[in-house]
Amino acid sequence: MVTTLYLIRHGETEGSETKRYKGSIDVPLSEKGIEQVKKVAVFIREHLRLESFAKYQSYLRDIHKTKGSRGQGVSPQASRRGDKGSRKAQRLAAVYTSNLSRAVKSAEIIARPYKFKPVQMKELRERSFGIWEGMSFTEIKERYPEKFSAWAGNPLKYSPVEGESTVEVEKRVMKAVNRILKKHRGDEIAIVSHGGVSRIILCNILGIPLENIFRIEQDYAAVNIIEFWDKYPVVKLINGQAYLKNYRHE
103 MVTTLYLIRH GETEGSETKR YKGSIDVPLS EKGIEQVKKV AVFIREHLRL
153 ESFAKYQSYL RDIHKTKGSR GQGVSPQASR RGDKGSRKAQ RLAAVYTSNL
203 SRAVKSAEII ARPYKFKPVQ MKELRERSFG IWEGMSFTEI KERYPEKFSA
253 WAGNPLKYSP VEGESTVEVE KRVMKAVNRI LKKHRGDEIA IVSHGGVSRI
303 ILCNILGIPL ENIFRIEQDY AAVNIIEFWD KYPVVKLING QAYLKNYRHE
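Sequence positions in the sequence shown follow our numbering and run 103 to 352.
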């Protein structure tokens, strides 16, 4: 049984050009960010369609091999069963999101074609950066040079001043992710969250020490695709930028 997870970072936010730590500050998507996520929604629908077609073709090949060995073709009943399974797979079963507005808006756009509302979870929020929130990289480096350098060099050992530690974020995030995966075995699901959260999830899935979270890039509206074969994860895509493609959205 295969469970497919689309792990998505929210689109670009207003004021993103200032490169400030937003963390738990509720910042809305920019117009560009909305356009990015609309293209992500199209990408996911197209990927689901192609995956369903591939599964259906594989199903038919298996039937042909089995029946062919006995000199028989594919029965109409078997073909209809395969086609029904193909159609069923062409949709997301659920979309989960951080409860910060930039993620919620992104999730609503992605969930819209399936006519259900995203499930908001505070456990999927971005890390709290404490007193660094709202400050630019330059400001933090100037005001807290030693602490910023220590945190950037070893984000597992050090934390933002008065902010959440990486281990604290990992604990709340992975507890939520594991609960979601357990509930949706065999489904196609999406989680819309933040750059820091996605990095932590990917480190856990890949078995990479958390000290390396900044070695995984997560651009705005990045798409990551992970398949779980029972409990064995296979990463199919990291930091996919669907919004760079010439997708047409509705």
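It should be emphasised that the hints constitute simulated quantities derived from the structure, not laboratory data. Remember, it's a predicted structure, so these values are computed and weren't measured experimentally. Heads up, some of the hints might be wrong.
Mimicking EDC-like on lysine to aspartate or glutamate, the simulated pairs with C-alpha atoms at most 16 angstroms apart in a straight line are [to be verified]:
| hint | residue 1 | residue 2 |
| --- | --- | --- |
| 1 | 224 | 313 |
| 2 | 259 | 241 |
| 3 | 259 | 244 |
| 4 | 124 | 332 |
| 5 | 224 | 270 |
| 6 | 249 | 272 |
| 7 | 249 | 264 |
| 8 | 259 | 225 |
| 9 | 338 | 128 |
| 10 | 134 | 321 |
| 11 | 121 | 313 |
| 12 | 134 | 153 |
| 13 | 333 | 264 |
| 14 | 284 | 244 |
| 15 | 121 | 235 |
| 16 | 124 | 248 |
| 17 | 224 | 264 |
| 18 | 277 | 235 |
| 19 | 124 | 289 |
| 20 | 121 | 270 |
| 21 | 285 | 332 |
| 22 | 273 | 321 |
| 23 | 121 | 248 |
| 24 | 259 | 248 |
| 25 | 284 | 313 |
| 26 | 134 | 148 |
| 27 | 124 | 241 |
What follows is a set of in silico ranges between Cβ atoms, one per label pair, in the way DEER data are often shown [to be verified]:
| hint | residue 1 | residue 2 | range |
| --- | --- | --- | --- |
| 28 | 210 | 241 | 37 to 45 angstroms |
| 29 | 329 | 241 | 20 to 28 angstroms |
| 30 | 310 | 103 | 42 to 50 angstroms |
| 31 | 103 | 248 | 45 to 53 angstroms |
| 32 | 216 | 310 | 18 to 26 angstroms |
| 33 | 273 | 336 | 35 to 43 angstroms |
| 34 | 287 | 247 | 41 to 49 angstroms |
| 35 | 210 | 248 | 23 to 31 angstroms |
| 36 | 245 | 332 | 30 to 38 angstroms |
| 37 | 273 | 319 | 19 to 27 angstroms |
| 38 | 233 | 152 | 24 to 32 angstroms |
| 39 | 255 | 116 | 27 to 35 angstroms |
Built from N, CA and C at the ideal position, the CB exists for glycine as well.
Tested hints:
1. 224 to 313: violated (24 angstroms)
2. 259 to 241: violated (22 angstroms)
3. 259 to 244: violated (21 angstroms)
4. 124 to 332: Violated, at roughly 36 angstroms.
5. 224 to 270: holds (14 angstroms)
6. 249 to 272: violated (21 angstroms)
7. 249 to 264: It holds: about 11 angstroms lies between the C-alpha atoms, which stays within 16 angstroms.
8. 259 to 225: Violated, at about 22 angstroms.
9. 338 to 128: violated (31 angstroms)
10. 134 to 321: Status holds; Cα separation ~13 angstroms.
11. 121 to 313: violated (22 angstroms)
12. 134 to 153: violated (29 angstroms)
13. 333 to 264: Violated, because 36 angstroms separates the two Cα atoms, which is more than 16 angstroms.
14. 284 to 244: Not satisfied, since the Cα-Cα distance of roughly 45 angstroms exceeds 16 angstroms.
15. 121 to 235: Holds. Residue 121 to residue 235 sits at ~11 angstroms (cutoff 16 angstroms).
16. 124 to 248: violated (21 angstroms)
17. 224 to 264: violated (19 angstroms)
18. 277 to 235: violated (25 angstroms)
19. 124 to 289: violated (32 angstroms)
20. 121 to 270: Given pair residue 121, residue 270 is violated - Cα atoms ~24 angstroms apart, limit 16 angstroms.
21. 285 to 332: OK: residue 285 and residue 332 at ~13 angstroms, within 16 angstroms.
22. 273 to 321: violated (23 angstroms)
23. 121 to 248: Measuring from Cα to Cα gives roughly 20 angstroms; hence the hint is violated.
24. 259 to 248: Satisfied, since the Cα-Cα distance of roughly 14 angstroms is no more than 16 angstroms.
25. 284 to 313: violated (27 angstroms)
26. 134 to 148: violated (21 angstroms)
27. 124 to 241: With a Cα-Cα distance of about 14 angstroms, the restraint between residue 124 and residue 241 holds, given a limit of 16 angstroms.
28. 210 to 241: 37 to 45 angstroms: violated (33 angstroms)
29. 329 to 241: 20 to 28 angstroms: With a Cβ separation near 41 angstroms, residue 329 and residue 241 fall outside 20 to 28 angstroms, so the hint is violated.
30. 310 to 103: 42 to 50 angstroms: 26 angstroms Cβ-Cβ, so the 42 to 50 angstroms window is violated.
31. 103 to 248: 45 to 53 angstroms: Given a distance of about 50 angstroms, which is inside 45 to 53 angstroms, the answer is holds.
32. 216 to 310: 18 to 26 angstroms: violated (32 angstroms)
33. 273 to 336: 35 to 43 angstroms: Violated, at about 25 angstroms.
34. 287 to 247: 41 to 49 angstroms: holds (48 angstroms)
35. 210 to 248: 23 to 31 angstroms: violated (42 angstroms)
36. 245 to 332: 30 to 38 angstroms: Violated, since residue 245 and residue 332 (Cβ atoms, about 49 angstroms apart) do not stay within the stated range.
37. 273 to 319: 19 to 27 angstroms: Cβ of residue 273 to Cβ of residue 319: about 24 angstroms, so the range 19 to 27 angstroms holds.
38. 233 to 152: 24 to 32 angstroms: violated (47 angstroms)
39. 255 to 116: 27 to 35 angstroms: About 30 angstroms separates the Cβ atoms of residue 255 and residue 116, which means 27 to 35 angstroms holds.
Taken one by one, the earlier hints fail for this structure at numbers 1, 2, 3, 4, 6, 8, 9, 11, 12, 13, 14, 16, 17, 18, 19, 20, 22, 23, 25, 26, 28, 29, 30, 32, 33, 35, 36 and 38, listed in ascending order.
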